[in-house]
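Residues per chain, in single letters:
2 protein chains.
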Amino acid sequence: MSDYTNDRITLAHGGGGRLSRTLVEDVFLPVLGNDCLNRLNDSAVLNLPDKRIAFTTDSFVVDPLFFPGGDIGRLAVCGTVNDLAVMGAVPRYLSLGLIIEEGFELESLRSIIQSIKDAADEAGVTIVTGDTKVVARGQADGLYINTSGIGSIERDLPVHKGRVRSGDLLIVNAPLGQHGMAVITSREELGFKTTIKSDVAPLNGLIDEMLRVSENISAMRDATRGGLAGVLNEMADQGDVQIILDEIAIPVNEDVHIACDMLGFEAIHVANEGVLLAAVPPDEADRMISTMRLHPYGRHAAVIGEVGDKGRARVTMRTHIGTHRVIDVLSGEQLPRIC
Amino acid sequence: MSDYTNDRITLAHGGGGRLSRTLVEDVFLPVLGNDCLNRLNDSAVLNLPDKRIAFTTDSFVVDPLFFPGGDIGRLAVCGTVNDLAVMGAVPRYLSLGLIIEEGFELESLRSIIQSIKDAADEAGVTIVTGDTKVVARGQADGLYINTSGIGSIERDLPVHKGRVRSGDLLIVNAPLGQHGMAVITSREELGFKTTIKSDVAPLNGLIDEMLRVSENISAMRDATRGGLAGVLNEMADQGDVQIILDEIAIPVNEDVHIACDMLGFEAIHVANEGVLLAAVPPDEADRMISTMRLHPYGRHAAVIGEVGDKGRARVTMRTHIGTHRVIDVLSGEQLPRIC
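Those protein sequences? They're chains A and B, same order as listed.
91 is the number that the numbering used here gives to position 20 of the first sequence; each next residue is one higher, with no gaps.
384 is the number that the numbering used here gives to position 313 of the second sequence; each next residue is one higher, with no gaps.
Here chain A stands alone, though its shape is the one from the complex (with noise of 0.2 Å):
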């Protein structure tokens, strides 16, 4: 007999019994399978190469799960990696906590599962503790994914902090917007039909890059949910700075800047899951530009705009005619369940 019904997940397997171990067994370890993650323990031993970590976790509920460019497996591994890497840390271990809605297709599953896998693998970083909750039809969506994650910091930078100083020119590695207008424009129910791929990308490697060239970058993020726009609203605040932009000099590719005229949004607002925003001192920021672009996730690395005067913390654009606009937060997101 089949330990699973028309090859779908059922309440059982979330119930800490047989069946939640056959899951384990027949569909995760085969997989994800490494020798902390094996012995199946209450919880992972590690030995870690310094005693000063970083810490983070993420919770994924995007619609659909399966997006252009990448899924809801591949969103959950790179979202808490370059949660961590922005901050100055080695990525090294995460947690994978599973909370599936009953009658769920074993397919995706283990289809998400592969892409966990190969998200880590190119993060260079490792699965060693999960966890499996199975909810009745209609408690969920099919699969919400959390990731928490450990990172070790091994030398002493600035960027720990991650506080902006006059002065400094702010950078990012890609073209905004792409993540959001992919998952948006991928929902079924616009009728929409684009080529637009989500950038959902580690960007480990390319940080690792970045922080060879230069030890004083003074603060980096990624700009995911609330965009460019709210990342840097957030460092305005945080290092209590004008922070001006430059319009022109912002990267958005052609088939984004379409589909947000046409669906009224900006790109500086909408979600991206591959974008970093760095913040360096203007003498070494040739450097670090001609650094990134030889990285496949910097090859558009550009300069958007400096850090200004302390004590008016605000975000203004100079827009490509010339004007400044005051460039603030959304209230939500335009559209909910984009990460």
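For the record, the hints were derived by calculation from the structure and aren't laboratory data.
Hints are all accurate, no fakes.
The list makes no distinction among identical chains, and a pair is therefore deemed to hold if it is satisfied within one copy or across any two copies.
Think about it this way: if two alpha-carbon atoms lie no more than 35 Å apart in a straight line, the pair counts; the simulated DSBU-like pairs of lysine-lysine are:
#, residue 1, residue 2
1, 122, 188
2, 264, 188
3, 188, 268
4, 122, 232
5, 188, 232
6, 232, 381
7, 232, 268
Given chain A, put chain B in place with the hints provided.
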């Protein structure tokens, strides 16, 4: 204008924009705030006492969210604290990932956050990083919580490996079945009235006392989903040993016993959230029991069985009438969403 519609959570509270910030500053930081969390960085930077750590994750989907003896907040802290402590680690830092259903009452959320704070204080752990997502009505059942945890491992103990040895005696700290039966009997649809309270509690203080008495505890597990029968079978499998239980020695409160009888459950299969099982050398068992009984969460400590010969992984029970029967793992939980 209020940032909440009828004092309920809206989708925009999870959108990463201004209202997300409001929720964090209004509801989370006033209760949970600390130097690390207040920074609101992408990840928390922590200094550990040692390079060796334990790392674990757990998602909580309990129904109802508030049950006799606790709520999902206390459960989410204690569950993860206990998973660290049974591996011999000192629980230090937790992450908090919330998935909230649109329309969730702000007052319930505040109450759960307060529970999280109280349980964290009792356990001596700090919430250092968090994340909140809001999903549309009908895409969750009120609130799901993920906590991941980091504990420091400061001494080298056999319990980190968690392998039982032939001859070990098996000790539990408290009566079985309290949590599962408290949750089940509080579900309105069952129309059941009892005074059973969940045993949900952080066990790290008790475990600390136990490890002071003996460095020879060979394995510890908390008997959550799958109950005592589940963890005993895991212990038997992992150590490839026979385990023999004594039915009359297993502590079960009268009200749980009656409720189990009426609903057709067995207490050894019911979920606990404050029960640990420890395997100790026979000559140290008396002293261990005496020490445990001095602790509020160990008052009912008792030897309930022993580890037999190697090479035949199974769990058997000497019943109160003197017969023997095999104790197997259930296929799932008897009822879903217990923890």
